[in-house]
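Asker: Sequence:
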Amino acid sequence: MTNQQQLFSQFTQQATQAGISGEAVIDSHPRDGFIRMKLRWNPPEKGEELTRGVADVLATVLGMMNVSVKIRQNE
Numbered sequence: 002m003t004n005q006q007q008l009f010s011q012f013t014q015q016a017t018q019a020g021i022s023g024e025a026v027i028d029s030h031p032r033d034g035f036i037r038m039k040l041r042w043n044p045p046e047k048g049e050e051l052t053r054g055v056a057d058v059l060a061t062v063l064g065m066m067n068v069s070v071k072i073r074q075n076e
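Using the working numbering, the final residue of the sequence shown is 76, and nothing's skipped along the way.
Treat the hints as calculated values from the structure; they're not laboratory data. It is possible that part of the hints are untrue.
Claimed, not checked - Listed next, with one range per pair, are the computed distances between beta-carbon atoms: (1) Ala19 / Ala56: 14 to 20 Å; (2) Arg32 / Leu8: 29 to 35 Å; (3) Gln6 / Gln74: 29 to 35 Å; (4) Leu59 / Gln11: 18 to 24 Å; (5) Arg73 / Gln6: 29 to 35 Å; (6) Gly34 / Leu8: 26 to 32 Å; (7) Asn43 / Phe9: 17 to 23 Å; (8) Phe35 / Gln15: 16 to 22 Å; (9) Arg32 / Arg53: 17 to 23 Å; (10) Asn4 / Arg37: 28 to 34 Å; (11) Ser22 / Ala56: 29 to 35 Å; (12) Met66 / Pro45: 16 to 22 Å; (13) Arg73 / Gln7: 15 to 21 Å.
Ideal placement from N, C-alpha and C gives every residue a C-beta, glycine not left out.
Generate coordinates for the entire structure from the input sequences, incorporating the hints supplied.
Answerer: Here is the structure:
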C-alpha cells in the first residue's frame with residue numbers, strides 16, 4: 002500500500018468514526034477553467050463546517066501549485 006493509499010484509508014476511517022458521509026457533484030469545464038461543486042453532507046448540521054473545510058483544502062492544493070487563491074463565501 003502506497004503512502005497516498007494509507008493516507009486515504011486513514012481519512013476514510015476518521016470520517017466513518019465521526020459519522021460523516023455525503024455526496025459530491027463536480028461540474029468541470031476544463032476549456033474555460035471552471036469548476037463548481039455541490040456537496041450534500043450527513044449529518045446535514047455539519048454541512049457548513051465541512052464545506053468550509055473542503056474550500057480550505059482546495060485553496061491549499063492550489064497554493065501548492067503556485068496559484069493565488071481568493072475564497073468568496075456567502076453566509
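Asker: Per the hint of 29 to 35 Å, is the separation of the Cβ atoms of Arg32 and Leu8 within bounds?
Answerer: holds (32 Å)
Asker: Using the beta carbons of Arg73 and Gln7, state whether their distance is inside 15 to 21 Å or not.
Answerer: violated (34 Å)
Asker: Range first: 28 to 34 Å. Now tell me if the beta carbons of Asn4 and Arg37 are that far apart.
Answerer: holds (31 Å)
Asker: Is 17 to 23 Å respected by the C-beta to C-beta distance linking Asn43 and Phe9?
Answerer: holds (19 Å)
Asker: Taking the Cβ atom of Ser22 and the Cβ atom of Ala56, is their distance within the range 29 to 35 Å?
Answerer: violated (19 Å)
Asker: Within 18 to 24 Å or not, the Cβ separation of Leu59 and Gln11?
Answerer: holds (20 Å)
Asker: So does Ala19 sit 14 to 20 Å from Ala56, Cβ to Cβ?
Answerer: Once the Cβ atoms are compared, 19 Å apart, the range 14 to 20 Å for Ala56 and Ala19 holds.
Asker: Are Met66 and Pro45 spaced within 16 to 22 Å by their CB atoms?
Answerer: violated (32 Å)
Asker: Per the hint of 16 to 22 Å, is the separation of the Cβ atoms of Phe35 and Gln15 within bounds?
Answerer: Because 31 Å falls outside the window, the suggested range is violated.
Asker: Could you see if the CB distance from Arg32 to Arg53 stays within 17 to 23 Å?
Answerer: Distance hint for Arg32, Arg53 is violated at roughly 29 Å.
Asker: Using the C-beta atoms of Gln6 and Gln74, is the stated range 29 to 35 Å upheld?
Answerer: Given range 29 to 35 Å: holds, Cβ gap about 32 Å.
Asker: Hint says 29 to 35 Å; check whether the CB-CB distance for Arg73 and Gln6 agrees.
Answerer: holds (34 Å)
In summary, the numbered hints that this structure violates are 8, 9, 11, 12 and 13.
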